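**Student:** For reference, the chains in residue letters:
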Amino acid sequence: MSGKVTISLAVNGETIEALVAPRTTLADFLRQDIQLTGTHTGCEMGVCGACLVLLDDRPVHACLMFAVQADGCAVETVEGLTHRRAIDDLQKAFHERNALQCGFCTAGMLVSAYGVLASGDELDRDSIRDALSGNYCRCTGYESIVDAIETTARLRRQHMEKEEA
Amino acid sequence: MNAFAGSIDRPNSYIGRSVSRPNAKRLLEGRGRYVTDLVLPRMLHAAFVRSPYAHGKIVSIDIEEAKALSGVRAVFTGEDLASICAPWTGTLEHFTNMKSPPQVPLPLEKVMWSGQPVVLIIADSRAVAEDAAELVIVDIEELPALADPVDAMSAAAMSKELADNICFATKLDSGGVEEAFDAADTAVEQSFIFGRHTAVTLEPRAIVADYDPSENRLTAHHATQTPYQFQDVYSRHYGIPEANVRVIAPDIGGSFGMKLHVYHEEMAVVGASILLGRPIKYVADRMESFVSDIHARDHRVTGRLALDRDGRITAMDVDDVTAIGAFSSYPRTSAVEGNQVIRLMGAPYDFSSYRANLSVVFQNKVQTSQYRAVGHPIACAVTECLVDAAARELSLDPFEIRERNLIPDSSYPRTSPTGYQFEKLSHQVCLARLKSMMNYDALRVEQAGLREKGILRGIGIALFVEITNPSPAFYGVGGARISAQDGAILKLTPSGEVHCSISVTEQGQGTETIIGQIVADQLGIDREKVRVMTGDTDTTPHGGATWACRGAGIGGETALQAARKLKANLLAVAGLILQAQPGELDIRADWIVETVTGQQRISLAEVARVAFFRSDTLPPETQAQLSVVHHYAPQGYPFAFTNGAQSCLVEVDAETGFVKILKHWVVEDCGRIINPLLVDEQVRGGVVQGLGAAFFEECLYNEEGQLTNGSLADYLVPMACEMPDIEISHVETPTRDTELGAKGCGEAGTAAASAAAMNAVNDALVGHGAVLTQIPMTPTRILKALGTI
Amino acid sequence: MKARAFDYMRPKCVQEALEAFVRADGDASYIAGGQSLVPALALRLQAPGLLIDIARLDELRGLSVAGGHLRIGATTRHCEILGSDLVREHAPLLARAAPFVAHPAIRNKGTFGGSLALADPASEFPAMALALDAIIEIASVEGSRRVGAGDFFIDLYETALQPGEIITAVYVPLASAKTRTAFDELARRRGDYAIVGAGIDAEMQGGFVERMRIAFLSVGSTPVRVGAVEAALTGRQLTPQAIRQAQDVLGTELDPVGDEHTPPEMRRHLARVLLGRLLGRLEANV
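Residue numbers (this note's numbering), protein chains in the order written: chain A, -14 to 150; chain B, 1054 to 1842; chain C, 6 to 291.
Where hints are given, some of them may not hold.
If you only want the chain A side, here are some residues facing chain C, beta carbon under 10 Å, derived [claimed, not checked]:
1) P7
2) G57
3) K147
4) E148
5) E149
6) A150
By construction, these hints were calculated from the structure, which means they are not laboratory data.
On a predicted model such as this, the values are computed, not experimentally measured, just so you know.
Don't be surprised by glycine CBs; every beta carbon is placed ideally from N, CA and C.
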């Protein structure tokens, strides 16, 4: 029983072939097997949001699935989003607004923010808070994070309006 | 006034400026380096078998099957580690007659709380270690658990080393209390319950202990606030020379006081690394955190206030019983919170008769100890709720009764009836500022209008005093080897940049940023040319690190004085090169300039080049000192007290007991502000921890001493949707004890948020016959208070 | 918090999955979204020897309308329910409840069929399946069968599913022009399991209730239909008096349990309040 399984998946645009134990969560696989330690684990039961990654472009908890389940999927982490410069504006807004302190929740916050900004929905402070409802932060009190996402949404909207005009 | 002269307009003037944190960028890109991330060659992983009972006698432990499991490298029980680790006892000498049983990494005879680690498994992976933990058979004879603190006070001692279950008891009495209550026109009395809660840092506790027997050297990569304290602890308890112990605290995923206590697991893991000669990693999982991280609060307080007919407070009398678990924590003890509770009571107010009784009690639960705003929220809530109760009794507006009782801003220095010395506080200014920023009168009008429609809004205010910049009076006088001083090394690089290594530490509050601001400001160089390093006992001088609000006040002053020392050395060398008097030179924008004209004479980089590479061109006998080391210990007042005022606006749904927090305001005075952006975010984060305590957070135990909500799904931390926007304003009253004038701000938010929230809920419920004096104020408790259920 | 070791397989069709379960002699679990199963494994509350991953089976997917029903494939994710125009049109009660299911990232992975199979009494969708009188299609090696939601939820985490059976789809009767729905819940924090929640699916004509189904979550060991309350309101207008009477009936009909945060009387009280609020806004359909 419990022999290792070969999986193939795209992580941050790179194809990864790996041999994993079925019980290895995607979070542990990312952090330990391929050293993408930007994704964190805070509860290992899907309630803190620190481990959020994009699975086929949607935020999911990397602690709530096993790496074997991601076979054939595309996974993107904060490292990948950074590398392809998909969240430059968001990171800048977080930095300027000091929307992080210890930084442990930050990758999850960015992934949630990426998801809600990509949804195309009109965002107000309540809807941003709603999008963050599963992301725990002990340091900031959330307001600065909401501010940073609100700023990013506004700048993106202005940018789009300028493009259209 | 302190000699600090900062003009925000001059070049490289950084003190008082909102700048973002240079070290936050890598955290934003997923490039943080937390202990949790660390992998070392030959590293093994630890897991623990824990006691299922709150109290019991260990009959036998069978580890054979676990040891035989493939991938398991060692299994340790109490004796294995007790034989190499000196026991520790959490007492302080200045707490007279304080006592606590000695502690060892893993228990030898008895388990004292549910979740106590009993057996340590070391394996190739955490998963295998957990597999092995399931195979250990621990036979424990269950003993009756002491869960209730009041029962524990009179019950037989649960530790064989002690005669009873009282850890510490003390009284304060200024005299005149009975007489004041006899003479009072009004007296109010309330009994309060403050629930146990816990820090819930998002990164759990983590350590990689790496002992190298060839050099008798221990390196501990440890997620802690206080590397030097642990260097001392590991050295003394494991008998390794202090210089051979290196503690590295890299990026830390939150701490809030929780990560500066000695835990059994970390001590056991260090011992295992010594026994095995290999690096061992232990990261508490969230379930373990709930049963092994220190908890906080857990107070039952009765308080009463005597007032004259004008609503002036004449006396205060309090009794605090606090339960701390089975042991007093080490080395800071579990009595500091209670001590601060009884000494901070009534702190903003002008009265002289005070009496307090404190009982610190053992019970069969995990230890409580210092967590953000130690004691402040309890003292503040008791005081401010009693003041509001008195205001209701006397039909006075909450602002009015406080205005009548505050210590006038003009009357400092003052000594409180509890013995605290206040250098200068600003209650009157803060209270007036709060009233105007929240538009108090308009809120009251709105509240009255909504009340007619059946909508219950409440406005609560609370004033606080915060303890910051502690001197050796805090721990040193009690015999604890915890430093009140800090040290910094400043080095000029040959390119004219500055490297600063300093003993204060970073957990995200922005320590490195403000130290960089101060150094750059004082040296007159670009902030980007200052590199700040913290958190490594091998590369920074010994110091207290970051706790109890001392990073800015003490660490900042250390950096300031060090920078001035380096600047003097730089100007001396420049004077020799330029054949000018150093006193006529200054540094601005990375250049040595003439002080009066501002004319640029020589760049700092050129000074460095000459001094490092062409010392032959300097006058004979010249030895340029381009690195300096400087230590600073606070002198003067034992603590730098700060103050402020908060208000909370809530809406209570009287049918469901649910409360919506609509808004929160804070005015605070932390003296000289180094970086307003960072101060504001410290305050916001602190407020939310206080609101969490007020409405959500509580470690719930059953009568058997079992924690019944020990998971992040069941223990309710404050989340984004339930927390309000928080408006902040500052008053600046610098301390004159330092050049910098900075005091702390880290506890301010937490100190008074729950008090303001309690007063807000009770304000909303005025006329409904309900007064809440227990936190968290859950919907159930609110409906019970209302008599609905 | 690491799961015990297990084997993993990803069958190509439902039949293969069913056979694999039989071969494992019961020492197996199906995994679809895994949002409840994975924590249970991590906590070692469950430790099957084999995980059979059915998340990608085409047979279990899709939202479609046929034969007077909305067919919801079992592995339809919560986020798909939330974003679906078909659901909004034909099963508006589900659309109302969907935003209350957990948090965005959980909704991106958790499945409708998985939620029903787990039958957590605090979950929104099992209770709504009950309120909608949905039909649950179940596959086993013996073949396929259908069970009404009213017969599906048996006890705490216990359903009509026999070991090895898989929910393949759920069929929801289509809403009509007369359909009025309401959903709400009282949770301490957004996305938490509610202290109490309820959904109403009714048909109303000229202000009168022609038919009403009400299901509560978090008030018992299963999702709970309140037949006596439904009966008390059927044929009536939703006047304040009728609503009060319905609340009184509810008070006698529910027998909720307590937990560490909430005593039973609190649950009963909040259920009454919630029922009143939902009935108060049902006709307006807001």
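**Student:** Evaluate each hint against the coordinates.
**Tutor:** A quick look at each hint next to the structure:
no.: 1; hint: P7; verdict: 4 Å, holds
no.: 2; hint: G57; verdict: 9 Å, holds
no.: 3; hint: K147; verdict: 29 Å, violated
no.: 4; hint: E148; verdict: 26 Å, violated
no.: 5; hint: E149; verdict: 25 Å, violated
no.: 6; hint: A150; verdict: 30 Å, violated
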